[in-house]
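Undergrad: Each chain, written out:
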Amino acid sequence: MSFRSPASIKTGLIDRDTSLAFSFNGRQMTGHAGDTLASALIANGVKLVGRSFKYHRPRGIFTAGSEEPNALVTLRAGAHSEPNTRATVAELFDGLVARSQNHRGPLHFDLLAVNDLLSPFLTAGFYYKTFMWPKSFWEKLYEPVIRSAAGLGRLSGAEDPDSYDKGFLHCDILVIGAGPAGLSAALQAARSGARVILADEDFLPGGRLNAETYEVSGMPGYRWAAETIAELRSMETVRLMTRTTVYGAYDHGVYGALEKKTDHLASADGKPRQVLWRIYSKQAILCAGATERPIAFANNDRPGIMLAGSTRTYANRFAALAGKRVTIFTNNDDGWRTATDMVDAGAQIAAIIDNREIAPLVAPAGAAIVMGGAISDTGGRLALKSVTLSNGQTIETDCLAVSGGWNPNVHLTCHQRGRPQWNAAINAFVPGGELPVGMRVAGSASGALTLAACLAQGHKAASEAAKALGFTPSRSRPAPASDEASANSAFWHVGNSKKRAWVDLQNDVTTKDIKLSHREGFRSVEHLKRYTTMGMATDQGKTANILGLAIMAEASGKSIPETGTTIFRPPYTPVAIGALAGRSRGSEFRPTRLTTSHQWAKEHGAIFVEAGMWLRAQWYPKVGETHWRESVDREALAVRRSVGICDVTTLGKIDVQGKDAARFLDALYTNTFSTLPVGKVRYGLMLREDGMVYDDGTTARFGENHFVMTTTTANAVLVFRRMEFARQCLFPEMDVHLISATEQWAQFAVAGPNSRKLLERVVGREHDISNEGFPFMACGEVTVCGGTRARLFRISFSGELAYEIAVPARYGDALVRRLMEAGREFDVTPYGTEALNVLRIEKGHATANELNGQTTALNLGLEKMVSKKKDCIGRVMAGREALIDDDAVRLVGFRPVNPQDSLVSGAHFIARGDAAVTENDQGWMTSVCYSPHLETMIGLGFIRRGNERIGETVIAADPLRGSTCEVEIVSPHFIDQQGERLRG
Amino acid sequence: MIIHHPLLGPRDAAEFTVLGDASLIERPDPQSADAEDRFYDYVYLRDNPAGLHRELWYHEQGDRSWLVVTRNTLTHEVVGVELARDVALAKRTGKRARTRKGGSA
Amino acid sequence: MKYSALRIFTEALGGNKGWKPVWREPEPKARYDVVIIGGGGHGLSTAYYLAKEFGITNVAVLEKGWLGSGNIGRNTTIIRSNYLLPGNEPFYELSMKLWEGLEQDFNYNAMVSQRGIINLFHSDSQRDAYVRRGNAMLMAGADAELLDTEGVRRLCPFLDFDNARFPIRGGLQQKRGGTARHDAVAWGYARGADSRGVDLIQNCEVTGFDIANGVCKGVVTSRGKIAANKVAVCVAGSSSRVMAAAGMRLPIESHVLQAFVSEGLKPVIPGVITFGAGHFYISQSDKGGLVFGGDIDGYNTYAQRGNLPVVEDVCEGGMAIMPMIGRARLLRMWGGVMDMSMDGSPFIDRTHIDGLYFNGGWCYGGFKATPASGYCYAHLIARDHPHPVATELRLDRFKTGRMIDEKGAGAQPNLH
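Residue numbers (this note's numbering), protein chains in the order written: chain E, 87 to 1070; chain Z, 760 to 864; chain V, 41 to 456.
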């Protein structure tokens, strides 16, 4: 049976020439372009669309907008499944597939509807009072049962196949909502010369003008809306954004908005599904309209019971009849318009029931009028069949249109914690005094509930906003309309029924639950919400909250404003997490930094490893090597025997220049740099101001006033930030300037006994790099490859004769290839971070595992590096009693007593015979490796008084993996303790 | 939030990183007799006011200026922005800051 | 009134008319043995344990708003005891043990659910740090397990194992970790304290202290002066404001942490998953909402709201690690004011003013600490020396260099 009004009676704002096929729970139907899924379902006579959260009550479409509590469906299929989609805002497209959710078995025979029979036991908060015995049953039985019953729709479990974009917009005036007030405001703002963004969540702007039958400027409202939109579209300074919900108001005029781009199409076709906009506005005018609220009465949740304004929306805009024999229950004049409109659309009016005593308007012929009446019950299991009045009369009806008045949509005014105020004239909360900076509110969002007032307020707010920005407001007048009757009354629920009357439809909160909440002392509005879950559903209580508050006020004998206000948090309507993430997902989540030798390393089969944002070569497996250790052992041995090459570009490089550069570094580092001769490099240790070690690295002096310092890879950004802080805030009088040059220079370590021989083939012959001409810790500017500018440093992380050579980044790829070629006769070996790690552990050098922000110079055995002759950042606090305690942990080396044993990082040290408990904890292992030179595993670690305990045996306990190992405390310098190799 | 940078005009707060209280500019004299007590105050104790708060912001995604932003911690309203170096220099000379200021929203 | 399934049954037969208020609404008395400032989770649990474990019942809890309106009412409900340092781990493990018996103890179902927590790691050095931590947990009597990639995949097959920017190399799991129904925790403690005689006084703001000659003798409130032998402050994000009235500056800054919940969905995420590299953690509530969060916004604030960059950052982390949640919708976002301490660890200590006690600096980790915080604070108030697991949570630890810096981030609260 069709519930679509014939075009001869009601055309509606749909395109009857375009038919769209869709299915709901497998049933094939058709609608038209311009329909929502909800309007198409109504036109096809579908009443039952879902089940409620707790009691699994049958539910139908309740509203015509984003406030919908009932009609949640899963849209689309497979990986495109979109659970909890409100049918009332889902735009119909050809091929749309929707399914109902939250039921076991078919929708019309939901097995979990048994909960409804148990409802006396399932009152608000019942779960807090039981399920506690026996103790272990909560996780094993009760909770799994509750969890599987709870929830609404289901995620597909597959990766979201759609893409999302983000964008930034700027405007003078943002107008939120394109109803009568918003259109009026946007028009006046634009005519005044302001750059305007007008955003509306609907695909058809106009708001209630499309849903009502009012006239504006002597023409039907919807036509005036269309003409105004056409004018706005023609203006270059106006950006009209439909399908765009401004979901949040943030600081300083920043608004979050979500634009649906392809949700109304069968396929996104590679385009982004949605765009998340950040809108920077100077002024904003909130014209978000108002939301109708219901009245609570027994069994007021049956399919076919709908807000009165929504029945008018369906009838007028969509030519879809929510029922053929309609009953109206209202406490205000607005409800009466429903009767006229429904009759005009082809329905019959069974009765109008108004709680007030005097009829405000003339009812259509044939409608029974019951003044001072109320509905005490309803009938019909899967669809409304009848209503029973307080006087006992029963009326057969298939649609009950309910109006309990209108609530201004104050949501965005609360996003910065502003509190709405009670307005007794309209029995609703209106925006409070404290609005987000730059925001004005106009139209029914501000409590103006008539059309003429909305148009005038929008116009006025725009003039004020334009004036505040220095524009001269246009002299044009607001569009004329007449004020309709809008009297209302404070009537919230029909009491004295033993049956349940719903307040929050989705979460199944009834008037009984609210009374119980009061009885149990949960009386503050926040307690009420939390205890009963009222307002916590996907609709955020848009239709429920005020009702609940009014009933609580009644129970406690207070007024509504005394009882409390509810404020709203973002988002206005739910936003897809994918949209908030945008393109930052998968491998694109964060940038990937590649060194200049990356391509070359890839060609040589390197395995790469994450080092912060960087990818570094971890090792270079050779044909025939089946285990990473084989490759790493070979690489490490090659460095100690001949020569190896490693890309060390990722270390932070900071150029420090200026007359006070040396003095600045003295202040920064624990040791002294002003005494460093030009052409020399020195290792430096840096503390935080709290005295803990922050970073280390080498600094080279290239000129009297020019240093090049390095930081660890992990701290490059942080150290630079801290140095700028020191430069600008702590030592502003110093003449010193800093530039981060990490990405400007490609740098390679050339390490091993043959490193000099190799470099002699690459570095210009005019440069003396002999041991005498270029000794250990020398640095200088050289040329390579026949004239390319380079920097050469004789520094060693491996303990071997070694250099680091740096060239401008664009030559990095060429240099590594040239080095490899020049080193062929020495069997030069590229080595990765694993071999680098082996070499440095063998030498006892600390890295991030040891410099973890929790250790001091004393812990690291570097206390002698803290100069006593000068101050530096962190010096004073490093002297606190616990930090100079002799009992502190010290960095030492460890070898397994049985050379075959494995060591593990993260093991804790305990004395032999002690239990592995916190009280006996003496320290921990920080770094381990297999040393191919010593042919055993070795480790570095911190242990209490370690420096005094060389030769002692302790236990390295790893209860996490069930292992313990006897280890001997040894010097952290496992090879070449005198440092002869690196000076050779 | 939007920070009105004295040199660059209004910039989104996301371009900055925040360090904390602007008192961190006033590093104590390490030579003073009670240096450890003074550094303890400096490094660890905070007024943490509910209201106007002078704080250090670093324009990391921009020109690397450190700024002293005066902002209300109850409302997030920004009432003043200065270059931290100007503030630090003014403190050295004991003069009132002749600072370049950014506007407020 | 004892709660049970039988009670629900009998009350239901009586039309649910017989339920009694969970707490009284008493007028404040002129004097108490102990006044606790702050009716959030920690204040209520302190009152509960004072009464139940230490027999001190002449106690008032003064709450500026409604009971449980602090961070107990606005967190992501995670409980865990997976800390590294000896100053913290035994304390949080005591908390975990108290969680495990909590519901039977206070006869209220707070839905303590030990569905497990996994901290993901992505590199060898992160693994090593987690091994160190896991061992510290086991040595303190907690539980910990190390998972490799396949171990994580078995538990969470929906994570991105194929195209992740930071590949999942494994995780540190604590099976006893999980979640609890945060509001119910507050209500359970409140009910338990009230039934033992503690006065829970709502809408009562403390505006000052009555301090003379270095002794605190009571408080000044919006409902008049209240004398007390001992005054215990327990106000989290408002710590600096309240203690300023006693003339104290604290090693604390107030910052906002945002949290998020999605629309209700059928069960899809088993326990708690923490993706540190992406500043993202998530669990799913019994009602079906995905509850998730990330880093603090980073600027000092007392406003219970944050801004968009962090919202987007958190969701990016979520999509990076579990791209199936793209079509789930974020339903609600909110902010809580965190009392961020200078080393990321809390304080439970006496102050230099006799009779004035301080509990704060919980950063964004206060919820899981609720039971032990109350227990140890009650111990300190009752006995005047710290509980053995809380001996390092001292206000003067920065003076002596005894920081408890789990992250090694130093004296910058917004990095903890």
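Note that these hints are calculated values from the structure, not bench results.
Don't take every hint at face value.
Derived DSSO-like pairs (lysine-lysine); straight-line CA-CA distance at most 27 Å [claimed, not checked]:
(1) K226/E <-> K96/E
(2) K60/V <-> K140/E
(3) K584/E <-> K601/E
(4) K140/E <-> K57/V
(5) K306/V <-> K215/V
(6) K306/V <-> K346/E
(7) K226/E <-> K137/V
(8) K644/E <-> K104/V
(9) K955/E <-> K745/E
(10) K553/E <-> K140/E
(11) K140/E <-> K226/E
(12) K585/E <-> K850/Z
(13) K215/E <-> K92/V
(14) K42/V <-> K954/E
(15) K410/E <-> K850/Z
(16) K585/E <-> K439/V
(17) K221/E <-> K137/V
(18) K843/E <-> K955/E
(19) K585/E <-> K553/E
(20) K226/E <-> K42/V
(21) K745/E <-> K585/E
(22) K601/E <-> K92/V
(23) K140/E <-> K42/V
(24) K215/E <-> K439/V
(25) K104/V <-> K221/E
(26) K644/E <-> K766/E
(27) K215/V <-> K584/E
(28) K368/E <-> K252/E
(29) K546/E <-> K584/E
(30) K306/V <-> K226/E
(31) K471/E <-> K546/E
(32) K215/E <-> K60/V
(33) K306/V <-> K257/V
(34) K140/E <-> K252/E
(35) K215/E <-> K766/E
(36) K601/E <-> K104/V
(37) K306/V <-> K69/V
(38) K215/E <-> K265/V
On a predicted model such as this, the values are computed, not experimentally measured, just so you know.
Undergrad: Please write out, lowest number first, the hints stated earlier that are contradicted by the structure.
TA: 1, 10, 12, 14, 15, 16, 18, 19, 21, 22, 24, 25, 26, 27, 29, 31, 33, 34, 35, 37 and 38
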